[in-house]
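Trainee: Next come the chains, spelled out residue by residue.
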Amino acid sequence: MATMTKFQTNDKHRFLLNMGPQHPATHGVLRVILEMDGEYAMGIDPVLGYGHRMQEKMAESRVWQGFYPNTGRMDYVGAMPFNHGYVALIERMAGIEVPERAEYIRVITSEMNRISSHLLGIGAYVLDLGAFTPILYAFDDREDILDALEDITGSRLTYCYYRVGGVLKDIDDTFIKRTRAFIANFRKRIPMFNDLVTGNIIFIKRTEGVGIITADMARRYGATGPTLRGSGIPYDIRKSEPYSVYSHFDFDIPTGKNGDSLDRYNVRIMEMEQSLRIIEQALDKLPEGPVLAKPKKTKLQEGDCSFSVETARGVLTYYLVGDGSEVPYKLKIRVPSFSNLSLMEEMCTGMLIADLVSAMGSLDLVIPEIDR
Amino acid sequence: MQQIIDMIQTYSLLRMLIAFLILIAIVFANAIVMGYLERKIAARIQRRWGPMEIGVQGWLQMILDGVKILGKQLIVPKDADRFLFRLAPLLCFTPVIMIFAVLPFSSSLYGINLNIGLIYIIAMASINVFAILIAGWSSNNKYSMFGAMRAVAQNIAYEIPILLSLLAVVLTTASFDLQKIVEAQSGLLWFVVYPNLFVAFVIYLIAGCAETNRAPFDLPEAESELTAGFHTEYSGFAFGLFAIAEYGNLFIMASIATIMFLGGWNGPFGLASGPLMGAVWFMLKVFILMLVMIWVRWTYPRVRFDQLMNLAWKYLIPFSLVNLLITAFLVKMI
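From first to last, the protein sequence lines stand for chains E and G. Number 229 in the working numbering belongs to position 229 of the first sequence; there are no gaps in the numbering. Count along the second sequence starting at 1, add 1000, and that's the number in the working numbering.
Excised from the complex, chain G in its bound form:
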């Protein structure tokens, strides 16, 4: 036993391999848990039962669905770009794991701590757009192409308010290091209670909803207009990877909000948060945020594309810019 631990500590490559395997497992587990919760909560909102057959309250349903989707064939459409068609789901899935590697689940529980953690996350999250564009382009399907084009326009528009609202926090803490940002909130007050950062938090939540293509901003996969958008032609595990990546992105979105505004792994009212308890607090906050987004998804109709763009360019970006200026002013004065 001691030998194995020594080996792991000596060879950093082995350590990274193990860390990545654990991260992949977390991403998959997150998709299963979130998929189950989404179906159950959606059912609750819609006055039905949801999955009930497999296991108590149907809790094994998602695992069974995962196994089923593994056994399905990936049908490549005629005249599709075969290489890109197969590349897109991987390109969508990989950045999710890369981002999970830097998320601080607690003060000592993280894959790796970068001093430019936030920039790294934003950069990795942008790869998602490429994946969607490649998926839509290579499918050789007009509906897929529509979805892809919408996704690109939407993601470009909404990345700006996301960045601007996060910059407000960076100005306050003077650091891109996620650990330092969390430590800055270890007192009684989280960043969300400051008025200017609360505005940033709200802007971030709205833009994050759009960034992860969730309703009411789920235009790239608008069912009633584009059948299924960019993943219309995907089947089997390639489709599964898109779904897993979507839940992974949702988790990332919620965890960034938690780290930047809701105190990360800090307990409320300065409650104790050791390495393990911190992870519990962190997960609790992340899941509450994700449940709110599920709730919103199953309640509202979808906005139209020009309305979506108007919201970003006319309201969110100016507001977040002004907010950033006010924050900069406050930081300078105080």
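Looking at chain E on its own, in the form it has when it is part of the complex:
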């Protein structure tokens, strides 16, 4: 392997450490080759491809409807926005109007999915730092979301709920009641989580000043999502080019100051609060009407089109080239975790291995999304 020989020519006192793809801290199947000098990682080389499933090629070899289920299987932690980007892309291309109620339902379910994704991300991050308990508290709340979403979408993780022209199924009163109960409950849980984890002196010592990403660095690598906002840049697709009905709601974009791991963690906590606000407003304003428009055309027109959405990890862009048939000529997917991962080498070089785990965990990477 090329990287192996690159490292071998270096100083004799250094040695290689193969972290992953089966390492507990590289969630999923990321492999990182580390060139170690004692406990310091002097060279970092992420190796990708262990979860590659050729999603883009699959999109090119079937009718566009056949790609629905694949969208939920890239980022399996936050699948709803991936659904959303794909259907919105086709809608933009074919010029299909979506009923307002369907858009509201999309926002509600997307935001709930964002909360569940952040809960998992935070829980797993604290687990990386060696605290075993908080992840189970996070999962306790996440369970409420999954139960509610399971009722209307039929799945708990890899959703395939959105359709071109709306959503598959209307939400019912039980769902609304459950969601409101969850919001009330979760509002109380966030301070508790802050008391237990965020204020802990060991946690602060492990995250403050670790893995600093400056605003300039974040821009250069094209980082998005909480990773970018943790560095103090208030960029969020939901605000900067509002899609769906996000412009109807009042919410803030939380940002950090120093761009360290603690800031990224705090941004995630604050984003969950903002998501709660959005869901609450959407439930209050929820209009009546149909949830699925009848699509007129089934063929993709010639030309290209792109659509960006804000997932839990950052900006997701679908870019599609059509040739007039039902099968896409080319579908390019730009995923946030890939850019965020590329930050790692510059961010982590010269770090202790314990800090490396802390910094890597704070990026909240989902590897199958990078590999696709």
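Treat each hint with caution, since some may be false.
Derived EDC-like pairs (lysine to aspartate or glutamate); straight-line CA-CA distance at most 16 Å [unchecked claim]:
#1 E:Lys205 with G:Asp1306
#2 G:Lys1142 with G:Asp1081
#3 G:Lys1142 with E:Glu39
#4 G:Lys1142 with E:Asp37
If you're looking for bench data, these hints aren't it; they were derived computationally from the structure.
Since chain E is already given, all that's left is putting chain G on it; use the hints.
Mentor: Frame of chain E; chain G shown alone:
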């Protein structure tokens, strides 16, 4: 019957053999009880049930796990040092039994009473470091080696505050004999209520937590960094021995704290403590201390290695030194 008792009393070798068998049984039983308690309490802290299937509230689970682990093969990794790889778990386990032999469970219930009991315990406890180093070295695995190196550095750093804080008690009682130290606390007051010895007690608890490699100081086996640290490559009963030794060391740590600071087998407020009742008091205190350590383990995140070293060299050692000086001064004056 009388014949057998006579025989046991005549032949001291036979007596020692029986005592050691009983001690091994105690060490194993301790691992089973503590393993069960740890899983149950961890489950309680994490809002789940823990073992429930085998027996009422899953109390047979650990015995079943022990039987399962007995049936597993010990896989020796390629290019490992086969002799040392097999030696390490034994070396980790044996000192635990050796230490259990001198612990005074009550005024007349102990394996053997040494007049240098404390020194003996500290010396035996240090062998644990060798075992971990050998385990990490012989595994031929970089993660194991990392864990082993961390363990050595950590144990060397934390043995000093442990010794210094225990010396404060030794100065007060002028004896290394564990029985005498316990007897010195037979009045109303245990050593822990004296301000200077209370500081020593707190330092001992923190350092003891690190010495037994428990969270938040479990760096030698830091899961998210080093997969499983020094016992990454171990399987089967060799792994089991490490686990049993870990609980054994935890018990030893708690029992030394009990003997030195919490009055050993003395009851609270000068309550009666005969040979049998004394053992009950002793076990009660030891288990309360161990439960506190389990509670801490499942609550806090792990510290970083340099922070761990800072804590020992910058805070615990100076504090315990000053505390020792104050104690020496007080002993001289009063």
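Trainee: Does each hint fit the structure? Answer for all of them.
Mentor: Structure-based check of each hint:
1. E:Lys205 with G:Asp1306: holds, 11 Å
2. G:Lys1142 with G:Asp1081: holds, 14 Å
3. G:Lys1142 with E:Glu39: holds, 11 Å
4. G:Lys1142 with E:Asp37: Given that 16 Å is the threshold and the Cα spacing comes to 12 Å, the pair holds.
Of the hints listed earlier, there is not a single one the structure fails to meet.
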